[in-house]
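K.L.:
Sequence:
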Amino acid sequence: MNAHASTARAEPSQPIHIGDHLREWRQRRRMSQLDLAGEAEISARHLSFVETGRAAPSRDMVLRLAERLDVPLRERNVLLVAAGFAPAFPQRPLEDPALKSARQAIDLVLKAHEPNPALAYDRHWNLVSANRMVAPLLAGIPERLLAQPLNVLRLAFHPEGLAPRTVNLAEWCAHLLERLHRQCEATADPELVKLYHDLKSYPIPARAGPLSGDHVAIPFKLRHDGGILSFFSTTMVFGTPVDITLSELALETFFPADERTAAWLKQAAANLV
Numbered sequence: 001m002n003a004h005a006s007t008a009r010a011e012p013s014q015p016i017h018i019g020d021h022l023r024e025w026r027q028r029r030r031m032s033q034l035d036l037a038g039e040a041e042i043s044a045r046h047l048s049f050v051e052t053g054r055a056a057p058s059r060d061m062v063l064r065l066a067e068r069l070d071v072p073l074r075e076r077n078v079l080l081v082a083a084g085f086a087p088a089f090p091q092r093p094l095e096d097p098a099l100k101s102a103r104q105a106i107d108l109v110l111k112a113h114e115p116n117p118a119l120a121y122d123r124h125w126n127l128v129s130a131n132r133m134v135a136p137l138l139a140g141i142p143e144r145l146l147a148q149p150l151n152v153l154r155l156a157f158h159p160e161g162l163a164p165r166t167v168n169l170a171e172w173c174a175h176l177l178e179r180l181h182r183q184c185e186a187t188a189d190p191e192l193v194k195l196y197h198d199l200k201s202y203p204i205p206a207r208a209g210p211l212s213g214d215h216v217a218i219p220f221k222l223r224h225d226g227g228i229l230s231f232f233s234t235t236m237v238f239g240t241p242v243d244i245t246l247s248e249l250a251l252e253t254f255f256p257a258d259e260r261t262a263a264w265l266k267q268a269a270a271n272l273v
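The UniProt record's numbering puts the first residue of the sequence shown at 1, with every later residue one more than the last.
The hints are simulated quantities; they were obtained by calculation from the structure and are not laboratory data.
Hints are supplied without guarantee of correctness; some may be wrong.
What the hints assert, rightly or not - Okay, the calculated beta carbon distance ranges per label pair:
(1) G38 with E95: 40 to 48 Å
(2) Q267 with V167: 18 to 26 Å
(3) L146 with E95: 16 to 24 Å
As the list claims (entries may be wrong) - Calculated pairs, EDC-like style, for lysine to aspartate or glutamate (alpha carbon to alpha carbon, straight line, at most 16 Å):
(4) K111 with E252
(5) K200 with E178
(6) K266 with E114
(7) K221 with E259
(8) K266 with D225
(9) K221 with D258
Since we're looking at a predicted model, the values are computed, not measured.
Cβ atoms here follow ideal geometry from the backbone N, Cα and C, with glycine treated the same way.
All chains, full assembly: derive it from the sequences and hints.
P.N.:
What follows is the structure, encoded as structure tokens:
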């Protein structure tokens with residue numbers, strides 16, 4: 001899907017019927033009525049009737065179709081409301097007592113990952129939490145760029161943020177844009193689409209060519225303390241969330257990609273004690 005198509009689909013003309021919503025998600029997933037009907041174990045005729053408003057789906061059918069279409073939990077609530085049912089998935093703040101165990105799990109992962117940096121961010125890439133090893137990497141960045149809400153991607157692309165410090169800027173930012181574009185396609189979230197277009201407006205050089213074969217992952221190379229720190233990252237999400245907040249939360253953990261970076265992290269952690 002190109003950027004214009006993403007924008008168009010992310011800002012539909014306010015469909016008011018469940019059938020309009022289902023059709024949009026089915027088309028976004030590039031599925032035919034026959035494909036979706038087979039996945040949901042209903043007849044294509046019945047699905048057609050639901051999409052055109054000639055039949056009303058049950059609550060269970062709405063949830064089954066949404067699951068087969070991999071609709072985000074936030075949007076599954078929209079589908080349910082459009083069909084005349086109450087939302088099924090709560091959205092609690094992380095401070096809610098019901099999410100205490102999840103919050104503890106996040107804190108545990110971030111803390112246990114030290115002396116390596118790790119952070120958690122929400123669906124729009126706004127920072128939720130970070131361990132102690134992130135701050136040393138941001139030393140010298142203007143305070144106004146670190147104010148809440150701190151958007152992780154904007155900080156990476158900003159000419160006063162991490163961009164001038166990133167050695168492989170074109171390569172790293174192209175990787176981040178590709179990840180964001182996939183999110184735009186998957187969620188049709190207007191805020192993510194706007195973020196995507198905003199980031200593309202930054203003066204980032206074009207990627208010169210494919211990644212060399214001596215890498216196992218795209219590295220993040222950062223100028224720091226007169227040298228270069230090199231990292232690769234992994235992303236973790238909650239496996240079976242039924243709360244919207246948890247379903248949209250991601251944890252990014254960074255690992256040293258060379259011995260110099262590993263040694264620097266150990267020393268930086270010792271200095272923080």
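K.L.:
Compare the structure with the hints numbered earlier in the document and write down the numbers of the violated ones, lowest to highest.
P.N.:
none
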